[in-house]
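Dock chain B against chain A, hints included.
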Amino acid sequence: MDPRNRAVIGYKIGKNNPLGETIPFTISGSQAPIHLDFLHTLDLDHSGEFLTTSRSTYTLRAEDAETPIVTYDFVREPPNPYPEAHIHLHGQSDALQRMLDSCGLAERKPADLHIPVGGRRFRPCLEDIIEFCILEELVTPREGWQDALERGRHEYHEQQLRAAVRRFPAQAAEVLTNTGWQVTRLPDSPS
Amino acid sequence: MSSHDDIQLELLDESDVREAITNALDAAECTWEELQRQAESGRFSSEVARRAWFVVSSLVAPTG
Chain A
11 MDPRNRAVIG
21 YKIGKNNPLG
31 ETIPFTISGS
41 QAPIHLDFLH
51 TLDLDHSGEF
61 LTTSRSTYTL
71 RAEDAETPIV
81 TYDFVREPPN
91 PYPEAHIHLH
101 GQSDALQRML
111 DSCGLAERKP
121 ADLHIPVGGR
131 RFRPCLEDII
141 EFCILEELVT
151 PREGWQDALE
161 RGRHEYHEQQ
171 LRAAVRRFPA
181 QAAEVLTNTG
191 WQVTRLPDSP
201 S
Chain B
470 MSSHDDIQLE
480 LLDESDVREA
490 ITNALDAAEC
500 TWEELQRQAE
510 SGRFSSEVAR
520 RAWFVVSSLV
530 APTG
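From first to last, the protein sequence lines stand for chains A and B. Going by the numbering used here, the final residue of the first sequence carries number 201, and the count climbs one at a time with no gaps. Going by the numbering used here, the final residue of the second sequence carries number 533, and the count climbs one at a time with no gaps.
Be careful, since some hints might not be right.
To be verified - Counterexamples of contact, computed for chain A against chain B with all Cβ distances above 10 Å:
| # | residue |
| --- | --- |
| 1 | 53 |
| 2 | 60 |
| 3 | 85 |
| 4 | 146 |
| 5 | 180 |
| 6 | 197 |
Stated by the list, open to error - Some, not all, of what chain B presents toward chain A, calculated at C-beta under 7 Å:
| # | residue |
| --- | --- |
| 7 | 481 |
| 8 | 489 |
| 9 | 494 |
| 10 | 508 |
| 11 | 512 |
| 12 | 523 |
Claimed, not checked - Per label pair, the in silico range of CB-to-CB distance:
| # | chain 1 | residue 1 | chain 2 | residue 2 | range |
| --- | --- | --- | --- | --- | --- |
| 13 | B | 514 | A | 40 | 32 to 38 Å |
| 14 | B | 474 | A | 179 | 35 to 41 Å |
| 15 | B | 495 | A | 117 | 26 to 32 Å |
| 16 | A | 183 | B | 510 | 38 to 44 Å |
Hints in this document: simulated from the structure, not taken from any laboratory. Where is the CB? At the ideal position from N, CA and C, for every residue including glycine.
Just chain A, with the same shape it has in the complex (with noise of 0.2 Å):
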């Protein structure tokens, strides 16, 4: 964390490993077959109240650590036109290929391409990733896996509908009325 209240989050992160390392997925010390890293920025949102996140990366990565799988990237108002949450798929693809070819992009590899996924305000979170990995049998998880990603994700869904009611409070006074609340908008209330 810096002066400005921004902060990095990484695996054993810090400022003589900026990038951080990557976790091996595995409960027995044997070898793990996947790999994830990832990187968390965090900053203060326009309010300067509430602290939220400007970017994140995560990346499965194969049983050596360092092939990257899929990457899952977020960039709050990215340099680019390209999406805010979007995912790089990496690896050859034979069709992927000939559609960049027959565009005239055969300089572009199928993991340049940015594929959206659910925008800044409904994209997946770490626990879904690391959700993906046990349901498809990548991985093995602990005893009582389920809560303890269920505990997260629920917390996060909230952070993120709290964040959509205040950028959109006439959407939410609208919902909340058509079933049976009360609303009523106070003079000084922020627009």
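Chain B alone, transformed into the frame defined by chain A:
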């Protein structure tokens, strides 16, 4: 089942932030300007460069 005991918080001053940025750029073997151009195109020269951009852009970009 899980605890937060293994979470470590490192507080950085401005000098530390500059050092972290330098270390990230060294790992990527890129300048900040090169990383910015790569980010603008949506394509990075390497995986390390991509990760370095995530860190550096978060530390050098103006807040708000």
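Does the structure break any of the earlier hints, and which numbers would those be? 1, 3, 9
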